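Visitor: Numbering-wise (numbering that gives the first Met the number 0), the sequence shown opens with residue 0 and increments by one.
If you are wondering where the hints come from, they were derived from the structure by calculation, not from laboratory data. Quick caveat: nothing in here was measured; it's all calculated off a predicted structure. Incorrect hints may appear among the rest.
Unchecked claim - With a Cα cut of at most 30 Å, we get these calculated BS3-like pairs of lysine-lysine:
(1) 192 / 178
(2) 130 / 118
(3) 192 / 221
(4) 118 / 221
(5) 178 / 66
(6) 141 / 113
(7) 66 / 192
(8) 141 / 130
(9) 113 / 130
(10) 66 / 118
(11) 192 / 130
(12) 113 / 66
(13) 141 / 178
(14) 118 / 141
(15) 178 / 130
As the list claims (entries may be wrong) - DEER-style ranges, computed between Cβ atoms:
(16) 219 / 144: 44 to 52 Å
(17) 98 / 127: 19 to 27 Å
(18) 127 / 203: 42 to 50 Å
(19) 69 / 98: 34 to 42 Å
Just so you know, even glycine gets a beta-carbon here, dropped at the ideal spot from N, CA and C.
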Amino acid sequence: MFLTVENISKRYTPFGSGGREVLSELSLEVSEGACIAIVGPSGSGKTTLLNIIGGLDQPDTGRVLFKGHSLTGYSSRQLATFRNEEVGFVFQQHHLLPQCTLLENILIPTIPLKDGQRKEESINRGRALLKRVGIWEQRHQKPAQLSGGECQRAAVVRALVNGPGLLLADEPTGALDEKNSALLAELLFELNKDSGVTLILVTHDLHLAAGAGQVYLMEHGKLVRRPMP
């Protein structure tokens, strides 16, 4: 299995509080190339789940296996490599560096690459993706000179520049208007279909979620398969 989430639980215990369990023995199996949407109310644990899958956080119990390897056994260095080369992240805010051009921003993940051939491949991939998503002409502009939709498309390119097999998108259309939300959603689903990147999308937008192959509802710390009309 490409990705296996195995009985993970996560509790947050703020100072002076008894704590709150946001994930409760949650399990999920994801095939390579799948397109999954996770919906649920704010605070239900959707982002926590993505952070654990992407190696940004650790579960209290249970484990995540990526291509058969448990992230629990990874060192800090291995986790950093995993996040940079195997996983792409897209968030609600684009987090582009304001002092860098669009092209410089999308090539930031290539900096740690030590293999010269792989770095060249990533740079070429980034340039090709900029052309594909329609912002090649803006490559020398800085984020302040771009629209919100253009910045978010650049964030998608940055997430994919190293050719990861897994793309995690956390409310990627949350800061966009209706038109740009639809364009970005269409882009994500096209990339999943055409390039085979596995997509896990967290959203509160049921219309957006309906475009995914599988939809899950986060409920009481677990995922429940949700049929879509």
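Visitor: Can you give the numbers of the hints that this structure goes against, from lowest to highest?
Guide: Of the numbered hints given earlier, those the structure breaks are 4, 5, 18, listed in rising order.
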